[in-house]
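Quick note: the sequence shown uses our numbering, first residue 1, plus one each step.
Hints listed in this document are in silico derivations from the structure and should not be mistaken for laboratory results.
From the three backbone atoms N, C-alpha and C, an ideal C-beta is built for every residue, glycine too.
The reader is advised that the hints may include incorrect statements.
[Said to hold, decoys possible] 16 Å max Cα-Cα, derived EDC-like pairs, lysine to aspartate or glutamate: (1) Lys66 - Asp37; (2) Lys69 - Asp25; (3) Lys47 - Asp58; (4) Lys44 - Asp99; (5) Lys52 - Asp18; (6) Lys64 - Asp37; (7) Lys44 - Asp25; (8) Lys66 - Asp25; (9) Lys64 - Asp18; (10) Lys66 - Glu39; (11) Lys64 - Glu39; (12) Lys69 - Asp18; (13) Lys44 - Asp18; (14) Lys69 - Asp99; (15) Lys66 - Asp40; (16) Lys69 - Glu81; (17) Lys47 - Glu81.
[To be verified] For each label pair, taking beta carbons as the anchor points, the in silico distance ranges come out as: (18) Asn95 - Ile51: 50 to 58 Å; (19) Glu39 - Tyr80: 15 to 23 Å; (20) Lys14 - Asn95: 16 to 24 Å.
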Amino acid sequence: MGFTLDLNKSSNSKSIRDRLVEPIDFTINYLGVWCYDTEDQCNKIFKTARIKEVVMNDDSWLYKDKHHKGVVDVFRMQSYEPIAMQLKLSMLAYNLLID
């Protein structure tokens, strides 16, 4: 599998630019793609709704040993280590969270 070049709209940098990434896996319901960002040299989730175009090239993965996907919790927060917590919820809040 080769590199994927995608056009991504970033809220943090307020810019639209191409990124050279190595795709790893989709998140639940295909809302995002875990990728290794070759420029920032870290694993990130890119939201599929913000990707305008994907272009495959013939290059091989160069950073396969750095590919790590984390976990995404019910609040859609991502991390590499799960954090245990207890919530005290009303019945309505519990049902909304579960639904």
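Status of each hint after checking the structure:
{"no.": "1", "hint": "Lys66 - Asp37", "result": "holds, 10 Å"}
{"no.": "2", "hint": "Lys69 - Asp25", "result": "holds, 8 Å"}
{"no.": "3", "hint": "Lys47 - Asp58", "result": "violated, 24 Å"}
{"no.": "4", "hint": "Lys44 - Asp99", "result": "violated, 27 Å"}
{"no.": "5", "hint": "Lys52 - Asp18", "result": "holds, 10 Å"}
{"no.": "6", "hint": "Lys64 - Asp37", "result": "holds, 12 Å"}
{"no.": "7", "hint": "Lys44 - Asp25", "result": "holds, 11 Å"}
{"no.": "8", "hint": "Lys66 - Asp25", "result": "holds, 14 Å"}
{"no.": "9", "hint": "Lys64 - Asp18", "result": "violated, 21 Å"}
{"no.": "10", "hint": "Lys66 - Glu39", "result": "holds, 13 Å"}
{"no.": "11", "hint": "Lys64 - Glu39", "result": "holds, 15 Å"}
{"no.": "12", "hint": "Lys69 - Asp18", "result": "violated, 21 Å"}
{"no.": "13", "hint": "Lys44 - Asp18", "result": "holds, 15 Å"}
{"no.": "14", "hint": "Lys69 - Asp99", "result": "violated, 25 Å"}
{"no.": "15", "hint": "Lys66 - Asp40", "result": "holds, 12 Å"}
{"no.": "16", "hint": "Lys69 - Glu81", "result": "holds, 11 Å"}
{"no.": "17", "hint": "Lys47 - Glu81", "result": "violated, 21 Å"}
{"no.": "18", "hint": "Asn95 - Ile51: 50 to 58 Å", "result": "violated, 33 Å"}
{"no.": "19", "hint": "Glu39 - Tyr80: 15 to 23 Å", "result": "holds, 20 Å"}
{"no.": "20", "hint": "Lys14 - Asn95: 16 to 24 Å", "result": "violated, 37 Å"}
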